[in-house]
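Undergrad: Can you make the complete structure from the sequences, with help from the hints?
Line by line, the protein sequences are chains A and B. Sequential numbering of the first sequence, starting at 1, is according to our numbering. Sequential numbering of the second sequence, starting at 1, is according to our numbering.
Some clues are possibly wrong.
Copies of one chain are not kept apart here, so a pair can be met inside one copy or by any two copies together.
Dumping the calculated SDA-like pairs for lysine to any residue here, alpha-carbon to alpha-carbon at most 25 Å [what the hints assert, rightly or not]: (1) Lys233 / Phe284; (2) Lys134 / Ala483; (3) Lys233 / His342; (4) Lys134 / Ser502.
It is worth saying that the hints were derived from the structure and are not from the lab.
Number of protein chains: 2
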Amino acid sequence: MNKATFDHDSTDPRLELRRNLRPDDWNNPAPAGPYNLVVIGAGPAGLTAARIAARLGARVALIEAGAIGGDCTNIGCVPTKAIIRSGKLYADARRARHFGADAAGETPDPALALQRVRKVQARISRSETAELLKSEGIDLFFGKARFADHRSVRVGDATLRFLRALVATGGVLRPPAIPGLAEIGFETVETLFDRDTLPRRMMVIGGGPLGCEMAQALCRLGVGIVLVHDAPKFLPEEERDAAQLLSESLARDGVQVHLNTTAVSARTTSEGKEITLSTGGDRFAITVDEVLTGVGRVPRIAGLDLAAAGIAADPETGIEVDDFMRTTNRRVFAAGDVCGGHMFTHVANAAARIAVRNALFFGRQRLSRQIIPWCTFTDPEIAHVGLRADQAISQGIPIKTYTVLMHENDRAITDGEETGFVKIRVRQGGDRILGATVVARHAGDMLNEITLAMERRIGLRALSGVIHAYPTQSAAIRTAADACVADRLTPRLRRLSGMWMSLLRRGG
Amino acid sequence: MNKATFDHDSTDPRLELRRNLRPDDWNNPAPAGPYNLVVIGAGPAGLTAARIAARLGARVALIEAGAIGGDCTNIGCVPTKAIIRSGKLYADARRARHFGADAAGETPDPALALQRVRKVQARISRSETAELLKSEGIDLFFGKARFADHRSVRVGDATLRFLRALVATGGVLRPPAIPGLAEIGFETVETLFDRDTLPRRMMVIGGGPLGCEMAQALCRLGVGIVLVHDAPKFLPEEERDAAQLLSESLARDGVQVHLNTTAVSARTTSEGKEITLSTGGDRFAITVDEVLTGVGRVPRIAGLDLAAAGIAADPETGIEVDDFMRTTNRRVFAAGDVCGGHMFTHVANAAARIAVRNALFFGRQRLSRQIIPWCTFTDPEIAHVGLRADQAISQGIPIKTYTVLMHENDRAITDGEETGFVKIRVRQGGDRILGATVVARHAGDMLNEITLAMERRIGLRALSGVIHAYPTQSAAIRTAADACVADRLTPRLRRLSGMWMSLLRRGG
Numbered sequence: 001m002n003k004a005t006f007d008h009d010s011t012d013p014r015l016e017l018r019r020n021l022r023p024d025d026w027n028n029p030a031p032a033g034p035y036n037l038v039v040i041g042a043g044p045a046g047l048t049a050a051r052i053a054a055r056l057g058a059r060v061a062l063i064e065a066g067a068i069g070g071d072c073t074n075i076g077c078v079p080t081k082a083i084i085r086s087g088k089l090y091a092d093a094r095r096a097r098h099f100g101a102d103a104a105g106e107t108p109d110p111a112l113a114l115q116r117v118r119k120v121q122a123r124i125s126r127s128e129t130a131e132l133l134k135s136e137g138i139d140l141f142f143g144k145a146r147f148a149d150h151r152s153v154r155v156g157d158a159t160l161r162f163l164r165a166l167v168a169t170g171g172v173l174r175p176p177a178i179p180g181l182a183e184i185g186f187e188t189v190e191t192l193f194d195r196d197t198l199p200r201r202m203m204v205i206g207g208g209p210l211g212c213e214m215a216q217a218l219c220r221l222g223v224g225i226v227l228v229h230d231a232p233k234f235l236p237e238e239e240r241d242a243a244q245l246l247s248e249s250l251a252r253d254g255v256q257v258h259l260n261t262t263a264v265s266a267r268t269t270s271e272g273k274e275i276t277l278s279t280g281g282d283r284f285a286i287t288v289d290e291v292l293t294g295v296g297r298v299p300r301i302a303g304l305d306l307a308a309a310g311i312a313a314d315p316e317t318g319i320e321v322d323d324f325m326r327t328t329n330r331r332v333f334a335a336g337d338v339c340g341g342h343m344f345t346h347v348a349n350a351a352a353r354i355a356v357r358n359a360l361f362f363g364r365q366r367l368s369r370q371i372i373p374w375c376t377f378t379d380p381e382i383a384h385v386g387l388r389a390d391q392a393i394s395q396g397i398p399i400k401t402y403t404v405l406m407h408e409n410d411r412a413i414t415d416g417e418e419t420g421f422v423k424i425r426v427r428q429g430g431d432r433i434l435g436a437t438v439v440a441r442h443a444g445d446m447l448n449e450i451t452l453a454m455e456r457r458i459g460l461r462a463l464s465g466v467i468h469a470y471p472t473q474s475a476a477i478r479t480a481a482d483a484c485v486a487d488r489l490t491p492r493l494r495r496l497s498g499m500w501m502s503l504l505r506r507g508g
Numbered sequence: 001m002n003k004a005t006f007d008h009d010s011t012d013p014r015l016e017l018r019r020n021l022r023p024d025d026w027n028n029p030a031p032a033g034p035y036n037l038v039v040i041g042a043g044p045a046g047l048t049a050a051r052i053a054a055r056l057g058a059r060v061a062l063i064e065a066g067a068i069g070g071d072c073t074n075i076g077c078v079p080t081k082a083i084i085r086s087g088k089l090y091a092d093a094r095r096a097r098h099f100g101a102d103a104a105g106e107t108p109d110p111a112l113a114l115q116r117v118r119k120v121q122a123r124i125s126r127s128e129t130a131e132l133l134k135s136e137g138i139d140l141f142f143g144k145a146r147f148a149d150h151r152s153v154r155v156g157d158a159t160l161r162f163l164r165a166l167v168a169t170g171g172v173l174r175p176p177a178i179p180g181l182a183e184i185g186f187e188t189v190e191t192l193f194d195r196d197t198l199p200r201r202m203m204v205i206g207g208g209p210l211g212c213e214m215a216q217a218l219c220r221l222g223v224g225i226v227l228v229h230d231a232p233k234f235l236p237e238e239e240r241d242a243a244q245l246l247s248e249s250l251a252r253d254g255v256q257v258h259l260n261t262t263a264v265s266a267r268t269t270s271e272g273k274e275i276t277l278s279t280g281g282d283r284f285a286i287t288v289d290e291v292l293t294g295v296g297r298v299p300r301i302a303g304l305d306l307a308a309a310g311i312a313a314d315p316e317t318g319i320e321v322d323d324f325m326r327t328t329n330r331r332v333f334a335a336g337d338v339c340g341g342h343m344f345t346h347v348a349n350a351a352a353r354i355a356v357r358n359a360l361f362f363g364r365q366r367l368s369r370q371i372i373p374w375c376t377f378t379d380p381e382i383a384h385v386g387l388r389a390d391q392a393i394s395q396g397i398p399i400k401t402y403t404v405l406m407h408e409n410d411r412a413i414t415d416g417e418e419t420g421f422v423k424i425r426v427r428q429g430g431d432r433i434l435g436a437t438v439v440a441r442h443a444g445d446m447l448n449e450i451t452l453a454m455e456r457r458i459g460l461r462a463l464s465g466v467i468h469a470y471p472t473q474s475a476a477i478r479t480a481a482d483a484c485v486a487d488r489l490t491p492r493l494r495r496l497s498g499m500w501m502s503l504l505r506r507g508g
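TA: What follows is the structure in structure tokens.
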């Protein structure tokens, strides 16, 4: 990867991004046939699979209808995390007097932040360019793929025969069905980062991970944000107290939060875009300059003619796969968002690794055996792995939770980053870790120790013996483990230990 | 712990700190005797030991000559990390335009930063107050301890008999022997945080962890810093490339770096404090307003009359202990900085846990069995565990190092935190982890996964199977593990794999 600094880079990052990920002058190669593996979709899952297979000496074709990198590089993880970083910097600057720096400049410059997003995208695209993939021995085809039969795919005029294929076409945004919204127009993450600057007032509809991340980041960059969510708490996949902390953090940043609220209609007035909201029985209207919807993402299967290859799929839940990532066509596998479920880049990546091994080497690896963490990149971050408390209860598994609040952690105090907690859930009466939630500024980096422990069935008490450098925020994990160890000291044991001490004193 | 916010806290934090950690109206209790454990020194090691022992029903006395919390809370980890955070905020603000926020205010306010340090100290002191220790059943004595004989300690007029004792008196700063320096006066971390504001120009003598941390933090807060170090690289305990990256970061922050340079004399002139430096054969003088020395810390054993208890000790290397933390008096143990070696809070804590178990329960736990990480809290942080490359070479252990540069990590790029690397060293031909160095903004939080793997002898290849949330900086650890897995694909295996693929194509 080329290590260039942004500031001295004069190329237009949009041009570089296109040149790297969707070069205009690309000539599709002549199909060699048959391929060991034809991969449809060059997002995180497809790229991983194609690159591994090529390294193993397989003849590989990779077909991409849009741009290499998929949603991750082009509209999802990469641009959102870049703008989150800008927002975080500005949020810190607003607290400057607290930390002893002078009050910072009051006005963030959204245009600069958006320019930086595109520079970051261009930087990251350098490790997955069309040329690079070609040099790795992959036959790269740009165009729409369509199954011709059980053993071949068509792209443009070419027919690619395959021994095995992997469908990794990802997902597609589905705008919410709000009467009038399509007419007045709205932004999605597909269009947001192409703007030259940000609007003054914006409504974000949908309080899932992406909605919350964007609401907070844009608010911190000076946009007046109204966040509308139709459920009583944000982040449906997270525990109540994590969602609650996030809700407070959003409010502290100045986000106008409307929970239990549905957008029912939209129209343009002389003031801007007027959205009518409904909560309980009440209706009221809020006018903003722009609407961002982060809700609804469905598997991208249209136009693939999956039926021609005997691949079963559902428009809502995506391609049907078994635990080995195999579709109903035994020669075809699928991985990533096109299979529905947890739509995360790292899950797509893990599934792709499994699919390649199972497809090319008679592997019997199962996705269900993987411990899958995830993280919402708000501030604080919310990282999670394993069972939630409510899941354990509904499955009848008795659990005990060890909680350490970040404001009990010395480093969190010195850092002024005290919002959050470490919660680790173990099976009652033992110490086998069933799940954990970490809410902290760098929760995503703190969680891995717990994921590793779960993966290797290392009990929570053992983590008490792992020395953590002082002072670090992750030492809160050890504090939780210490509490689990201390729990072994039951009243009875404590009495025995006291009697022993007393005996020693008499003996001495 | 009391969760108060700083901003609404009107108490003078210095008063609160004293009231919590060294109350003026404290009355030492009447000695109960004999004690199961007498602990001398209420720093990290002594506090840990006394609290664990008390919880186990032991009769415990704790003797403190200064203030509870020891160097950690009062002059070391806590205040330094608090001021580092302020410096970091200001360093970020200086890069504001890069991230798309407006240029921030140019003048940090060191007086505010120092006030915050004291508030942070007061906050952290709330979890270790004299009253709290008393309520936990510990007999707390303020005063200087002195061994009377093999089985008793005197503090003031009181004599405390013990079955077991733990010496945890920590270390004491030793100012460098620079002619004239004592006469012109200088700061140490013992005095620095009591200042109302910071000087305009400051020389930091000594480029160990503390010297580097303070040089960077104070520079970022607007102090003109000259950092003088008598060796060719900073951080004697770290690898060359980590020290090199730090050196570059310090220079980027504006620290004037003088390596291979010794301070030879000091005097006051009308301009300020003039220090004469020597490098190679050259001598030159630099004038500053104040000098900070972070060098030289020796075990604190003066006045303890260790000889009266038959405890062997050396003024340089401290109390002699075996691997079980036992001194030459079989009833007396020692832990923490008073034993020399790695003077870290978390090592003191680990040694104290071992000492308590071995002292009270015939335990046979060994310190040498512990995997000990450490971290220098500069920006980027430098975290380390296990063997360095040069140590492996000198021990004749063949190693292979897997390196991932942070500027290859997507999150480091989106965060604009690309300075650093993950280096993991394994035994050549296998994947057993022998050591690792992580240089990254939050390296201290990223390292624990590796420490856990080493502790449990989990090979590096297994970390390739641990899913890390995307995008996180810690995913660089998995990237290193992936490289280790890829290494198994030797040219011969690759050829075989290619032949297999070719066979499949013919069969298909």
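Undergrad: A separate judgement is required for each hint: does it hold in the structure or not?
TA: Checked hints:
| no. | hint | result |
| --- | --- | --- |
| 1 | Lys233 / Phe284 | within (20 Å within a copy, 66 Å between copies) |
| 2 | Lys134 / Ala483 | between (54 Å within a copy, 21 Å between copies) |
| 3 | Lys233 / His342 | within (19 Å within a copy, 48 Å between copies) |
| 4 | Lys134 / Ser502 | between (76 Å within a copy, 19 Å between copies) |
Checked against the numbered hints given earlier, the structure satisfies every one of them.
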